[in-house]
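Knowing the structure of chain A, use the given hints to seat chains B, C and D on it.
Protein chains: 4
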Amino acid sequence: MIRTAILGASGYVGGELLRLLARHPDLRPTRLFGDSKAGQRLGAVHPQLSGAMAEVAVERFSDDALDGIDLVFAALPHGESQKIAGAILERGLKLVDLGADFRLRDPADYARWYGEPHAAPALIERFAYGIPELHRDAIRSAQAVAAAGCYPTATILAVKPLVDAGLIDPDSLIVDAASGVSGAGRAVKEGTAFNTVDGSFAAYGLLNHRHTAEMEQELGATVLFTPHLAPMTRGILATCYAAAAKPMDPDAPLAALRQAYAGEPFVRVSDDPPSTKWVSGSNGAVVTARYDARTGRVVMLGAIDNLGKGAAGQMIQCANLMFGLDETAGLAAEGVYP
Amino acid sequence: MIRTAILGASGYVGGELLRLLARHPDLRPTRLFGDSKAGQRLGAVHPQLSGAMAEVAVERFSDDALDGIDLVFAALPHGESQKIAGAILERGLKLVDLGADFRLRDPADYARWYGEPHAAPALIERFAYGIPELHRDAIRSAQAVAAAGCYPTATILAVKPLVDAGLIDPDSLIVDAASGVSGAGRAVKEGTAFNTVDGSFAAYGLLNHRHTAEMEQELGATVLFTPHLAPMTRGILATCYAAAAKPMDPDAPLAALRQAYAGEPFVRVSDDPPSTKWVSGSNGAVVTARYDARTGRVVMLGAIDNLGKGAAGQMIQCANLMFGLDETAGLAAEGVYP
Amino acid sequence: MIRTAILGASGYVGGELLRLLARHPDLRPTRLFGDSKAGQRLGAVHPQLSGAMAEVAVERFSDDALDGIDLVFAALPHGESQKIAGAILERGLKLVDLGADFRLRDPADYARWYGEPHAAPALIERFAYGIPELHRDAIRSAQAVAAAGCYPTATILAVKPLVDAGLIDPDSLIVDAASGVSGAGRAVKEGTAFNTVDGSFAAYGLLNHRHTAEMEQELGATVLFTPHLAPMTRGILATCYAAAAKPMDPDAPLAALRQAYAGEPFVRVSDDPPSTKWVSGSNGAVVTARYDARTGRVVMLGAIDNLGKGAAGQMIQCANLMFGLDETAGLAAEGVYP
Amino acid sequence: MIRTAILGASGYVGGELLRLLARHPDLRPTRLFGDSKAGQRLGAVHPQLSGAMAEVAVERFSDDALDGIDLVFAALPHGESQKIAGAILERGLKLVDLGADFRLRDPADYARWYGEPHAAPALIERFAYGIPELHRDAIRSAQAVAAAGCYPTATILAVKPLVDAGLIDPDSLIVDAASGVSGAGRAVKEGTAFNTVDGSFAAYGLLNHRHTAEMEQELGATVLFTPHLAPMTRGILATCYAAAAKPMDPDAPLAALRQAYAGEPFVRVSDDPPSTKWVSGSNGAVVTARYDARTGRVVMLGAIDNLGKGAAGQMIQCANLMFGLDETAGLAAEGVYP
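Chains as they are written, first to last, in UniProt numbering: chain A, 1 to 338; chain B, 1 to 338; chain C, 1 to 338; chain D, 1 to 338.
Hints listed in this document are in silico derivations from the structure and should not be mistaken for laboratory results.
Some hints here could point you the wrong way.
EDC-like, lysine to aspartate or glutamate: derived pairs with alpha carbons at most 20 Å apart [stated by the list, open to error]:
hint : chain 1 : residue 1 : chain 2 : residue 2
1    : C       : K189      : B       : D272
2    : C       : K83       : C       : D109
3    : D       : K189      : B       : E190
4    : B       : K189      : C       : D272
Extracted from the complex, chain A is given alone in its bound form (with noise of 0.2 Å):
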């Protein structure tokens, strides 16, 4: 039994990841910490837990909080894990940060994104970048991980085999996506009330989203990124376009991807353009692409759960990894579906 502690509890994320490691055979939550719910009962929080797990009260975090842990999942707002992965380091800990402080990896990358010196940046090299088709090796040995952000794993699923094809220009990519609102994360707002969001489709965060810096990073590439807020509660649909690198076979973008997820339990490649439905709840993505001879442009597409393959999912797969466990323990690669 993998004791684990949870940072970040009462979230979204901290509630999939309790719900997947109810059903997960070795990794144990053991120590669940939210300092604004603090002393209310786990199922007050999140109401779909139920039995004895219902029954645990969110705790306040304080010194001993980590004694006997084996394991961290920090779900926290930005800049908050930057102040306590070194001594959940020094501890010995495994460290899986879902949050955005350890994904740079050039610390001026995140004082431009981010608007604010990086308070650890020497911690940032012990961090693997938490995409395990992309970093698999990296993320066995690693003692900490940094979560891939959400609409970066859609892109970067999409992208990036076709980029190492050498299939596309990557100085020319667009990444247009769409999220659920789940993506916004649990703070009440107007604009993820539900009278806002109910038959909306808005873009949001034009030119300067943060998830930029991640993709270019990852795909050595220059990215114009647009997030829209599609009103579903969970999924990722990203849809990526970039220049042709040369005139290709049409099959050339699907034959990457296929090469690129042969034996891959949770990536699934697709003929058709897929649904984020397709994986909701669950841990699967699937992506495809295409060449139009007549644009001289790529089209790739991703889609995920936000929460699953895009947050709490991927974090447990890459736990399992790190512990040397089946990757795909706890975790379903099938969507709820309808």
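Relative to chain A, chains B, C and D alone:
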């Protein structure tokens, strides 16, 4: 390994069975039948499936279809399993019927509510009624189980303990329930088109919905039942009203529910009125109840996922019992939330 | 031109009034007050507004606020219009109160259901109850109208003709209703967040919703009322149950409705159970009813848009009557469908 | 009174025309044709209709169908109005074609994108392209108007002023758009079933959607267009990308839009990215644009209601122009919000 066949594998209930069996430790989906989609890959029929299961072809039912099979799930239109249940039972197989054919004890009830005589009345007594919390022993020893309907499951779980405790007058029962659209099945029609349902709340089947008969049978009650279609995919909430049998302590209804479901892994008694979303994608159920001294009435509420506890989930729970497995194998009580 | 002021212009009801007044031939929105958004452009508060109206600034209420005004719509939290109604009426202005302050005839009812004594009980008798189909003459001659609540409007329209015709026992009334989320108002809270509501159907306010009092008053009935929140923005469906006063012809309930609403421009009697979507965005209402000889009960259904016939639309209909205008001016009976 | 006929009165566009004509001061819906629903009451076909209009029967088209008619709206599947436009124009009637038959100037384009030769190429030049903001004079003097497609309307309104101002390279245009499900029409199919679409965001028609041709024609551009289906009933958002023709002031894109649409009653230029919901149920459009100096690209966004400004609303706007009426008669710019 229990070799399992599904008849009607291409509908929504079939898809949910497949999703759940993909993670079940003991039940192995071995033969998958579905006439209208025979010959197609499962992945084309159920886009949520992935990996090897997606590549399996749907078969047309044939004489040797059940050779080597231990367990049959029949998810067929009503009237169909009457025709084949006899042969299945004669072969000694266990049978879980997800349709309506063997729910009603009295063939005359079937004839009255379904408009045609029952074709195999002698078999009815061999079926246990598939709500484990109320008929666990019968299910354990049965060769065949008839799935409770989705509306009856939500209703009976909320109401039965109060009938048994003598708190309500069963002849005064009104059941007002709302269902997600997946309850209407996969057949394509204008009434379940997105444009029709989005933003719509409406009643249907006024006075004569067939699930009334099941509720009356299991509760020993007279029931006026009004189903509604809500703009959501999954979930049933039954809001039930009855005259109080006598003045009672305000806590009496909740106490009766807590006593009935103490220790149950899938049924939770809640102080607050439950949302269908708390159990979406799971086999969980949540019930609550109130006594209104002002009007002398009791209100009882039950929430389930119509495809989970209302169909595929509950029938896997029954199959687990029939084969002496852990009753919770392959099932979650935690909803996919948000 | 009737110079019109709106108090509470920044809420959803205020926005709907503005949308409708933008096309009204006679009512001119002249002064727009809203304390929390004072100083902001209307277009920033209500993104649906465009053109000149979007550039008008929301004002803070002041002593001279109503100089030159003919008509006041007050869309304020309950308790607020009690404080100012006296001054408005003394100035000789006409007043339409969209809140709950003047709906209940008996100040003791207000105290019981709203938990505080009424601050202006002497004014109550000067308000007509704002359902034109039932109180047209009183509204025509009134200086002030109290808007019927949204749930009461849907309920009373469906039930009142059957009470009047002696078809049902008013002391047996059960009202089970579902509302879209805009009925909860514009205040931001987790219970009305998109992620909470999408895929959710749940009851709330068990036994003690304040609209019960209005229903009982207008119907001369004892009412057990259970409201539900449905995953849609607009719309209310009330499904109402009562014991039949006596056996009756199956057509009797529909006949009573047809007789009551013959020639009404906004209330339609339907053979089929109505959807909220049929009247979404409009001032229409649809009602139907059934007698169930088997259980001796009558089911009555009413559908409206809670912001239309349930609030802003119906109150413009009342204002039209108060000023001797065409009762339908500026209003549509046709829903925005699909 | 302008006596108006609708061909294809039973589809969604037909229903929206009827809803709008019910409140139009000058256009009178006189003859309503729809072969598949011929003989049915309009109220049975369009449940949003009420009053006298609901009692009108849908007619089968016949030889004398257009006697006494002044104006024809044709909302037919593509290929159908080619067969009858000649006869309608010869009678001297005005014709507004809501289908795709007369949008493309070059019959070869029609053949290429629609897969069959045009049956009436000589008539094409008699049709004005139906976006009043760009072709007002031509529409005023035309006998016939071809409705712009829904995606092209949203796209062209957002992009054309920047092409005209020389700010973007038209050969680099990428259009990524999302539509509500009503854009797929009323035919019933699994892809537009509620259970398929709810919680789903997906692309379709990769590389070859027919609206591409219209965008290229009107913008003088090369366009790669990817449409998506969003889980909402109404609305289109087009997010468009092009290479900047040259470095520019950050305000230049918005300035070009403001200059183009100054004084327009239905097109609004917004600083913030628009939501489809702002214009739902209306004839409004909202556009915005940004220059991204970092990547050298321009992003342009346009939001409309696909049934409003994208179909029925815009075509009533055109008809108003064709008959010399107030261009805004019977139309609202304000969306039904929330």
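Status of each hint after checking the structure:
1. Note on K189 (chain C) and D272 (chain B): the hinted pairing holds, with a Cα-Cα distance of about 17 Å set against a maximum of 20 Å.
2. The suggested pairing of K83 (chain C) with D109 (chain C) holds, with an alpha-carbon distance near 18 Å, which does not exceed 20 Å.
3. Under the criterion of a C-alpha separation no larger than 20 Å, the hint pairing K189 (chain D) with E190 (chain B) is consistent with the structure, at around 9 Å.
4. Straight-line distance between C-alpha atoms of K189 (chain B) and D272 (chain C) comes to about 17 Å, which keeps the hinted pair within the 20 Å bound.
When each numbered hint is compared with the structure, no violation occurs for any of them.
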